[in-house]
Every structure is written in structure tokens, then in C-alpha cells.
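Participant: Chain residues, written in single-letter form:
2 protein chains.
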Amino acid sequence: ADAEAGKAISGVCVACHGQNGISQVPIYPNLAGQKEKYLADSMKAYRDGKRSGGQSALMIPQAKNLSDEDIANLAAYYASLPAGGK
Amino acid sequence: ADAEAGKAISGVCVACHGQNGISQVPIYPNLAGQKEKYLADSMKAYRDGKRSGGQSALMIPQAKNLSDEDIANLAAYYASLPAGGK
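Protein sequence lines, in the order shown, are assigned to chains G and C. Read in order, the letters of the first sequence are residues 1 to 86 in our numbering. Read in order, the letters of the second sequence are residues 1 to 86 in our numbering.
By construction, these hints were calculated from the structure, which means they are not laboratory data. Do not rely on the hints blindly, as some may be mistaken.
Restraint ranges, calculated between C-beta atoms of paired labels, are given here [unchecked claim]:
#1 G:Glu4 with C:Ala8: 41 to 47 Å
#2 C:Val14 with G:Lys37: 15 to 21 Å
#3 C:Gly49 with G:Pro61: 43 to 49 Å
Quick reminder that beta carbons are idealized off the backbone N, C-alpha and C, glycines included.
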């Protein structure tokens, strides 16, 4: 997976998950430093209709735009950011 | 919410999410420093049958044991831990 390619398509994520993967809004999770595999699994679960509840109404349509490669790259990017921001 | 009370019932969480809320296993998310509201919403979604996919087969039965107060306390505890561990 290619973290730089993930960063390049992360613009749409920033509004909710923050510029450095640290959310400014309590209902949205921080992504910075999260486990890469978990991030990828979450995006796939949203995309494939396996995760509802929470803010899934926001994430499902976003995830439907993502290929497996996009998901792998986004997960690599957010996992690479420092946990807790900088 | 009472982070100390959350800590007191967090023993069952440690196996997957780590001693300091930092998972040692890629499929399990870090919880340390995550947004309190997000953590609570996630546990409720598992408990109430709204979140499947991923490792939900593990989390659903765990969450079914939790009251709203337990969930609030666990969320407060994990949100209080330093992101990235220490």
C-alpha cells in the first residue's frame, strides 16, 4: 500500500477526521496512528454494507467510491500519522 | 462518566485492545486517546445489533453485558489514556 497515494485522495476525509487525522468533533473517530488493518477493514465494512449504526449514513456513500487499492492506500496513510496529532 | 469505574471493568478488553489501549494485533483497533463519544457509540452499536462486519462476532457478546453506564465509564477510561501509548 502507498501512503502518499492515500494522502492524495484523503481530502474528502478531512472535514470530519481532521487535517492530521485528529477529529475536531466528538462523534468522529481519530484516525491518526490507528492500526492499518483495522482502518482498511472498517472502510470495507462500510462499503460492503456490513457496518451500520453510528455515522454509517455518512461513511457508506464515501466508502462506495473506494476501490480496494484506494482503501489500502488510505489505511496506510492514516496509520502512518502520529497518534494524538503533533 | 467515571474513568476509574471504567478501568475497573476493562479487564476483559485488555486481551484484544492491549494493556494501555494499544492493540498488539493489527485487526484490533487502538482505543487509547480515541474520542469518548465515538467509543461509546461504537459499543452501543455492537450491543444493539447495528454494527456487523469486522470483528463484530467478538464484540457483540461482550457489549451485550454492558449497561449504558458501563459503556460511558469504559469510553471515559479509554479516551483518557494517552494516544499512542506511553
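Participant: Indicate, hint by hint, whether the structure satisfies it.
Facilitator: The hints, checked one at a time:
no.: 1; hint: G:Glu4 with C:Ala8: 41 to 47 Å; verdict: holds (44 Å)
no.: 2; hint: C:Val14 with G:Lys37: 15 to 21 Å; verdict: holds (19 Å)
no.: 3; hint: C:Gly49 with G:Pro61: 43 to 49 Å; verdict: violated (22 Å)
Against the hints set out earlier in the document, a violation occurs for number 3 only.
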